[in-house]
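Undergrad: Take these sequences, add in the hints, and give me the full structure.
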Amino acid sequence: MSSGKKSIRALGAKLLDGAELPIRIAITICGWSSILFVGAIFFFIFKEAAPVFPHLDWGEFFFAHRWIPIPAEGNEPSYGAMGILYGTFAITVVSMFIAMPLGLGAAVYISEFAPPRRKEWLKILIEFLAAIPSIIWGFIGLVIMGPLIQKILGVEVGINLLNASIMVALMAVPLIVSISEDALRAVPDSYREAALALGASKWEIVYKVLFPAARNGLLAASMLGVGRAVGETMAVWMASGNTDNIPENFFNPLLVLERVKALTATIAGEMPDTVHGSEHYQVLFVIGIVLLTISVIINVVSDLIIKGIRKES
Amino acid sequence: MFCDDNVTYSMWRILTETSVSARNSLKNMNRKQLIKLGAQGALTLGLAISLSSCGGGDDLNAISVNGSDTMLQVGLAWAEKYQQLNDDIGLTVNGEGSGTGIKALINGTIQIAHSSRPMKDTEREQIKAAHGKEAVQHIVGYDGIAVFVHPSNPVKSLSLEQLHGIWAEGGTINNWSQVGGPDLEINRAGRNNASGTYSFFQSAVCGKGSDGKGIEFKQGTAAMPGSTAVVEFCETTPSAIGYSGMGYKTEKVGWLQVSKTTGAAGVGPSNPTVASGDYPIARALYIYTVGEPEGDVKEYLDWIKGPEGQAIVEAESFVPLSN
Chain A
78 MSSGKKSIRA
88 LGAKLLDGAE
98 LPIRIAITIC
108 GWSSILFVGA
118 IFFFIFKEAA
128 PVFPHLDWGE
138 FFFAHRWIPI
148 PAEGNEPSYG
158 AMGILYGTFA
168 ITVVSMFIAM
178 PLGLGAAVYI
188 SEFAPPRRKE
198 WLKILIEFLA
208 AIPSIIWGFI
218 GLVIMGPLIQ
228 KILGVEVGIN
238 LLNASIMVAL
248 MAVPLIVSIS
258 EDALRAVPDS
268 YREAALALGA
278 SKWEIVYKVL
288 FPAARNGLLA
298 ASMLGVGRAV
308 GETMAVWMAS
318 GNTDNIPENF
328 FNPLLVLERV
338 KALTATIAGE
348 MPDTVHGSEH
358 YQVLFVIGIV
368 LLTISVIINV
378 VSDLIIKGIR
388 KES
Chain B
82 MFCDDNVTYS
92 MWRILTETSV
102 SARNSLKNMN
112 RKQLIKLGAQ
122 GALTLGLAIS
132 LSSCGGGDDL
142 NAISVNGSDT
152 MLQVGLAWAE
162 KYQQLNDDIG
172 LTVNGEGSGT
182 GIKALINGTI
192 QIAHSSRPMK
202 DTEREQIKAA
212 HGKEAVQHIV
222 GYDGIAVFVH
232 PSNPVKSLSL
242 EQLHGIWAEG
252 GTINNWSQVG
262 GPDLEINRAG
272 RNNASGTYSF
282 FQSAVCGKGS
292 DGKGIEFKQG
302 TAAMPGSTAV
312 VEFCETTPSA
322 IGYSGMGYKT
332 EKVGWLQVSK
342 TTGAAGVGPS
352 NPTVASGDYP
362 IARALYIYTV
372 GEPEGDVKEY
382 LDWIKGPEGQ
392 AIVEAESFVP
402 LSN
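Line by line, the protein sequences are chains A and B.
Under our numbering, the first residue of the first sequence is numbered 78, with each subsequent residue one higher.
Under our numbering, the first residue of the second sequence is numbered 82, with each subsequent residue one higher.
Simulated from the structure, these hints should not be mistaken for laboratory data.
All values derive from a computational prediction rather than experimental measurement.
Heads up, a few of these hints could be off.
[As the list claims (entries may be wrong)] Subject to a maximum C-alpha distance of 27 Å in a straight line, what follows is the list of computed DSSO-like cross-link-like pairs (lysine-lysine):
#: 1; chain 1: B; residue 1: K333; chain 2: A; residue 2: K228
#: 2; chain 1: B; residue 1: K330; chain 2: A; residue 2: K228
#: 3; chain 1: B; residue 1: K289; chain 2: B; residue 2: K333
#: 4; chain 1: B; residue 1: K201; chain 2: B; residue 2: K289
#: 5; chain 1: A; residue 1: K228; chain 2: B; residue 2: K237
#: 6; chain 1: B; residue 1: K299; chain 2: B; residue 2: K330
#: 7; chain 1: B; residue 1: K386; chain 2: B; residue 2: K209
#: 8; chain 1: B; residue 1: K386; chain 2: B; residue 2: K162
#: 9; chain 1: B; residue 1: K341; chain 2: B; residue 2: K201
TA: Printed below as a string of structure tokens:
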């Protein structure tokens, strides 16, 4: 029986030898296709937005708080997206304030404190969290979290910045946990042993040895979390209240109870009703370019950080 | 490769439309709506396929319809019934918005445009320039825009002037106590700025300034994902005010009577008050064709204006032509 297996294996190897060239070509095409896709996405988004470039008032777009793409009769449209840019920025910042401690804490617990069996269970559960579709998160925000915020905080409107940020944070946590956990696990055990030998407590090991050693990985994890928060659409659209607001006082913590409008939700909400090829349609693609630029910057930066880790280790 | 880049756009529309219908029907799903959802999917798919073939199959009896999303449900109901009665007619109905429908009529890709607002002069000129014929307007029903509030709100009636103060840019009413309600800041919920309901409510309530130009809505008005979401917001938020078609009224939401001048008796949105013009925030449902309709299109429009078509208008919570 075993000789039969061997001959099959030999036959397979022979076939593979013959197939090496086509396989190599196929794999090369696969590798290049992703570059092609990225290029094509950039090309098409720029192509749709390009006609509006020459006459879009860029100062207004970035620094005016007045988004009226379809004006009342007799008025000129205005594309002041500052309120929407603020909305995306605010959701990102607030959600990271929630997600970072939560994600980092979970990663430390899983990699350093949890017994092996529990570690496995927790990892499976966290992966499951990552698999929940964003529309479900939005639905939870609208139907469960909204009334909960109304009741607990005694506020008028439950769909607001806080609600959207909690939803986005819960979506970003699995990403932050798994990358942070990888980074912590990559720290050589000899570091831990050395610290123990010097009489460090477990907690001292975590924040005096592991955090500095895994610094880059933790940073990369948070960057990718930020990317998730910037790009999230459905949950943000449903849970944020979708209202173009800029608070008067940025240092008043109650601003988390204001409703906001995000870049992604603006595209999702307005694109279905715009006239294909109109100026409004093109400006929505400009918003697309802004989002794309942000995510490219985030990805490049986190890539450079991760490369930094490889060099060090 | 693509003879019409509408193809990709339509594919994308299928995804978004289906998700919108799915969301709307989450709340009160019943068999009728399920069937309609299926019909809508099928008809949209039909359009996508007919576009994909890029005019390859020129069916003589095919009529394409596009336009107002407010009129999508009634349009689908008309098409469904009419095709049962006339199996030699193929109708594809889509609801990408009034503006998109009129644009498609200008481009000649459809024969019938649904619109929940009257055609603008610039659009009429474009029709004339493209086809050499005038656009012809047909009124096929009416729709009242109801103003919704929380059921516990003691305010039961407002005048157009007071609504102007609440909604229009520069208006001074920001707290319910200013109109006899509780001391709560008013939370306004509307639709997104490309919807026909948005622009109609804007022209009816915000009106025009002394310079003859339209007045915008106040900053900080929520753009809800749909009419159902507006009603839901008003059901759960004590300080809310919102607007959408009167067909979206539920038992759990409060609604306002509206009067033309402050002090006059308010009128509630109902079939008789909308058709008679007594309810101030009402609009007509329009169908536009290029030139006077002929042949199959004329027969279809006559049927819509006739008793069977009007029965469907009423069944879809709009107001039929004659009561």
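Undergrad: If a hint holds in the structure, say so; if it does not, say that too.
TA: Each hint tested on the structure:
1. The hinted pair formed by K333 (chain B) and K228 (chain A) meets the criterion: a straight-line CA distance of about 19 Å does not exceed 27 Å.
2. Restraint check for K330 (chain B) and K228 (chain A): satisfied, since their Cα atoms lie roughly 25 Å apart, inside the 27 Å limit.
3. Taking the CA atoms of K289 (chain B) and K333 (chain B), the gap is near 34 Å; set against the 27 Å cutoff, the hint is violated.
4. Between K201 (chain B) and K289 (chain B), the direct Cα distance comes to roughly 16 Å. Compliance with the 27 Å bound is thereby established for this hinted pair.
5. Restraint check: the Cα-Cα separation between K228 (chain A) and K237 (chain B) comes to about 26 Å, which is no more than 27 Å; the hinted pair holds.
6. At most 27 Å may separate the alpha-carbon atoms for a hinted pair to count; K299 (chain B) and K330 (chain B) meet this at roughly 24 Å.
7. Proximity of K386 (chain B) to K209 (chain B) is assessed by CA-CA distance (about 25 Å); at most 27 Å being required, the pair is judged to hold.
8. Distance restraint check for K386 (chain B) and K162 (chain B): the Cα-Cα separation of roughly 14 Å lies within the 27 Å cut-off, and the hinted pair is therefore satisfied.
9. For the given pair, K341 (chain B) sits about 25 Å from K201 (chain B) by alpha-carbon distance, which is consistent with the 27 Å threshold.
Violated hint: 3 only; the structure is consistent with all others.
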